[in-house]
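Protein sequence lines correspond, in order, to chains A and B. Each residue of the first sequence is one higher than the last, beginning at 5 in this note's numbering. Each residue of the second sequence is one higher than the last, beginning at 2 in this note's numbering.
Just so you know, these hints were derived from the structure itself, not from any lab. Everything numeric in this text was worked out from a predicted model, so none of it was measured. In this text, a Cβ means the ideal position worked out from N, Cα and C, and glycines have one as well. Where hints are given, some of them may not hold.
As the list claims (entries may be wrong) - If you want the footprint, here are the derived chain B segments under chain A, 3+ residues with CB under 8 Å:
1) 22-28
2) 35-47
3) 72-82
Claimed, not checked - Covered stretches of chain B (chain A as the covering partner; in silico rule of three or more C-beta atoms under 8 Å from a C-beta of chain A):
4) 4-14
5) 59-69
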Amino acid sequence: MPGGDFHPFFFVVIAAWILVCGLGVVLFRNIIYSAVSMVFCFLGVAFAYALLNAELVAIVQILIYVGATSVVILFAIMLTEVQQSYGQLFHRQAIFAAPLAVAAAVVMTVMVVSTELVDVGDTSLNLSVHALSSLLFNRYVFPFELVSLVLLAAMIGAIVLARRQGEKR
Amino acid sequence: MSPLDWWLLLAMLLFCIGAFGVLARRNTIVVIMSLELMLNAVNIALVAIAQFRAGSQGAGVLFSLFVITLAAAEVTVGLGIVIANYRAKRTVENDHFDEMKG
């Protein structure tokens, strides 16, 4: 099986880890706790990729999410200097958001359980890093270049946004 | 329930947690973190399907790499906006950002 043997024990441990840390992000009052919980959630997702035999994605996840994105978010927390969030934790629309999220979860559970996914043959494809990189730089080279353009635009946009207003260089 | 179903259920639950955070939290930075949770959930689903349904020919795994890259770009711009707003209003609570209310 290309997804690797399914280890129920490891799956349950990692799923519980991811979901508990995800709930921590949403429910912690102190934003620093939220951020640390998010870092652990990203780490758990990286382990999930490793469990799925997608080692390249697992490494990229640790590099970009655990390494870079988390640091950027922690920087933003430090720059905005918002200590303990005072007042209400949740927006007043949370009374609608909570049933909506639960309803979406129920509907999607029914969909996942009731859908018979068609197996599209040839499960012998070897998704090694070598095979993936040759795909990336041959068939998917145009999206690759587009993504680099998006990153450049995002970098310039972030600099423009974060610069003080009215400051001329 | 096949193994793929369990992975999809995990992705779906994480997505719903993230969606609740985006809709319900007042702190904009937590909203962005919840957005990242949603993107991670979608990535789990993509990688799981790619690994259990070989017909994707590696496209699922590659697409998840693109999603990770674009999420990094998104968080940069999003936090830039948050910091610009903080400079203007000294707050990151999103119900104070109502200039565009009609």
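Taking the hints in turn, this is what the structure says about them:
no.: 1; hint: 22-28; result: holds (count 6)
no.: 2; hint: 35-47; result: holds (count 6)
no.: 3; hint: 72-82; result: holds (count 10)
no.: 4; hint: 4-14; result: holds (count 10)
no.: 5; hint: 59-69; result: holds (count 8)
Checked against the numbered hints listed earlier, the structure breaks none of them; every hint is satisfied.
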